[in-house]
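Protein chains: 4
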Amino acid sequence: MTPDAFNSLTETYLPLAHQMGLRAETIGDGVATVRMPFNGMSLRPGGTVSGPAMMGLVDYAMFAALLGAIGPVELAVTTNLNINFLRRPAQTDVMAECRILKLGRRLAVMEVTLFSDGDDDPIAHATGTYSIPPR
Amino acid sequence: MTPDAFNSLTETYLPLAHQMGLRAETIGDGVATVRMPFNGMSLRPGGTVSGPAMMGLVDYAMFAALLGAIGPVELAVTTNLNINFLRRPAQTDVMAECRILKLGRRLAVMEVTLFSDGDDDPIAHATGTYSIPPR
Amino acid sequence: MTPDAFNSLTETYLPLAHQMGLRAETIGDGVATVRMPFNGMSLRPGGTVSGPAMMGLVDYAMFAALLGAIGPVELAVTTNLNINFLRRPAQTDVMAECRILKLGRRLAVMEVTLFSDGDDDPIAHATGTYSIPPR
Amino acid sequence: MTPDAFNSLTETYLPLAHQMGLRAETIGDGVATVRMPFNGMSLRPGGTVSGPAMMGLVDYAMFAALLGAIGPVELAVTTNLNINFLRRPAQTDVMAECRILKLGRRLAVMEVTLFSDGDDDPIAHATGTYSIPPR
Chain F
6 MTPDAFNSLT ETYLPLAHQM GLRAETIGDG VATVRMPFNG MSLRPGGTVS
56 GPAMMGLVDY AMFAALLGAI GPVELAVTTN LNINFLRRPA QTDVMAECRI
106 LKLGRRLAVM EVTLFSDGDD DPIAHATGTY SIPPR
Chain P
6 MTPDAFNSLT ETYLPLAHQM GLRAETIGDG VATVRMPFNG MSLRPGGTVS
56 GPAMMGLVDY AMFAALLGAI GPVELAVTTN LNINFLRRPA QTDVMAECRI
106 LKLGRRLAVM EVTLFSDGDD DPIAHATGTY SIPPR
Chain V
6 MTPDAFNSLT ETYLPLAHQM GLRAETIGDG VATVRMPFNG MSLRPGGTVS
56 GPAMMGLVDY AMFAALLGAI GPVELAVTTN LNINFLRRPA QTDVMAECRI
106 LKLGRRLAVM EVTLFSDGDD DPIAHATGTY SIPPR
Chain R
6 MTPDAFNSLT ETYLPLAHQM GLRAETIGDG VATVRMPFNG MSLRPGGTVS
56 GPAMMGLVDY AMFAALLGAI GPVELAVTTN LNINFLRRPA QTDVMAECRI
106 LKLGRRLAVM EVTLFSDGDD DPIAHATGTY SIPPR
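Residue numbers (the working numbering), protein chains in the order written: chain F, 6 to 140; chain P, 6 to 140; chain V, 6 to 140; chain R, 6 to 140.
Do not take every clue at face value.
Treat identical chains as interchangeable: a pair holds within one or across any two.
To be verified - For lysine to aspartate or glutamate, the following DMTMM-like pairs were computed, each having C-alpha atoms within a straight-line distance of at most 25 Å:
#1 Lys107 x Asp34
#2 Lys107 x Asp124
#3 Lys107 x Glu79
#4 Lys107 x Asp122
By construction, these hints were calculated from the structure, which means they are not laboratory data.
Given these sequences and hints, build the entire structure.
This is the structure:
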């Protein structure tokens with residue numbers, strides 16, 4: 006799937022992601038990058054990006070990398086997600102870089118690193134597993 | 006903090022949670038229950054509740070149990086969250102039951118179980134850690 | 006499987022667990038309890054039980070609860086394990102209480118709480134997933 | 006700390022790691038590599054390396070990277086560890102590559118990837134947090 010095809014699919018199916026303005030920018034061979042715009046919806050006390058907004062971004066980035074690899078299997082579902090928050094995000098967009106660690110027939114394990122746009126120090130790091138339905 | 010005080014605080018500070026309609030129903034001695042209403046925002050392909058919506062609910066429930074125990078320390082932040090999705094949610098409200106496993110001076114570790122309202126089989130189970138700022 | 010049958014099976018197959026002296030004490034309907042004796046092998050700086058010893062205990066307790074539920078499927082394998090260390094263990098045996106959260110056809114998700122023998126405050130809490138091979 | 010200094014320290018303090026034959030091979034700027042020899046102690050059904058052995062290796066690699074960065078603070082303790090098992094290990098040594106994601110004053114978050122010696126496909130991936138005592 007191209008980023009455009011993926012973003013169109015999720016526009017229909019994932020209202021929360023759509024409302025948060027999540028958009029895949031690149032989808033490659035087992036990788037994807039996704040942007041979360043900085044806006045009022047994602048805030049938490051202190052004026053920075055909230056944890057739940059970053060978790061939504063992680064899940065979306067994994068979905069993009071996975072569907073980039075296996076096609077539009079929209080019933081693939083997250084079975085596990087683990088995230089460590091590392092640094093206070095800047096008041097700017099958050100970028101997610103996802104990489105597939107293992108793509109099996111039934112399970113895919115992925116890793117996602119989050120950055121404040123323009124900064125090299127990761128603000129969060131996550132791993133997760135998607136279950137792939139029989140096709 | 007009472008559920009009302011907690012919900013008022015988050016209404017101001019957590020726009021995403023507010024928009025999802027999250028509300029603490031009980032806050033007790035190291036425990037809290039939170040309701041997430043079933044509505045359009047939380048959907049995913051297949052018509053069920055999305056993973057990111059459930060992760061937002063988990064984080065909110067941990068925040069409720071923690072602030073119930075230590076008072077309105079709104080700068081407490083999640084440092085780690087791990088969630089396992091267990092069963093397909095029903096098309097109804099999701100209830101979160103949070104329990105503090107360990108309340109230290111600097112870190113609190115909590116456990117959250119999610120249920121479809123009216124059903125005893127858990128749909129997701131999570132653990133997480135909050136960092137408590139010096140007071 | 007009974008605790009005896011399970012302990013015999015692992016005696017043959019899991020030399021590390023055997024050497025650590027791990028023994029299932031009860032195996033019930035989706036639950037199991039396992040004892041890890043306090044001995045020189047499991048120590049860490051400070052004279053308490055090491056994290057890796059406790060992780061071995063968690064994995065063994067999940068294996069006991071799972072094989073108690075599905076029989077001697079020794080090729081079932083851990084796919085994910087997450088553990089939070091909560092309190093400094095006492096210089097005594099560690100008890101593990103495992104509970105199956107979800108037993109599917111392909112995956113089982115379990116929760117394990119660790120206690121210093123005779124103390125009610127958990128010293129660690131873990132969740133994990135086993136993959137069940139086709140039978 | 007050099008690999009030699011680290012291995013000497015753990016020889017005294019971590020009997021389980023010593024018995025498993027774990028040895029740091031390199032310790033650099035926020036990174037470390039550790040070798041686990043293939044031997045009878047680490048086996049599981051199927052003749053491959055057991056999960057608990059790999060978890061012990063992960064914890065040791067994080068300890069090496071951390072003490073490489075902050076010096077011989079042997080009372081630093083793991084607070085969280087999450088591991089995903091990705092592929093069946095080969096019947097050979099396992100190599101761990103650890104990288105510090107965030108080194109704070111009180112907490113360090115690290116990532117560890119495990120490989121069968123001589124193979125580029127990871128067999129497991131883990132993240133973990135160490136708590137650093139006040140110095």
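Task: Status of Asp34 relative to Lys107 across identical chains (alpha carbons, at most 25 Å) - done: Classified as within; 12 Å inside a copy, 28 Å across copies.
- [ ] With 25 Å as the alpha-carbon cut-off, assign the pair Lys107 and Asp122 to within, between, both or neither.
- [x] between (27 Å within a copy, 18 Å between copies)
Task: Copy assignment of Lys107 with Asp124, given that the CA separation must stay at most 25 Å - done: between (28 Å within a copy, 14 Å between copies)
Open item on the list: Reference check for the pair Lys107 and Glu79, CA-CA at most 25 Å: within, between, both, or neither?
Closed with: both (19 Å within a copy, 23 Å between copies)
Of the numbered hints stated above, none is contradicted by the structure.
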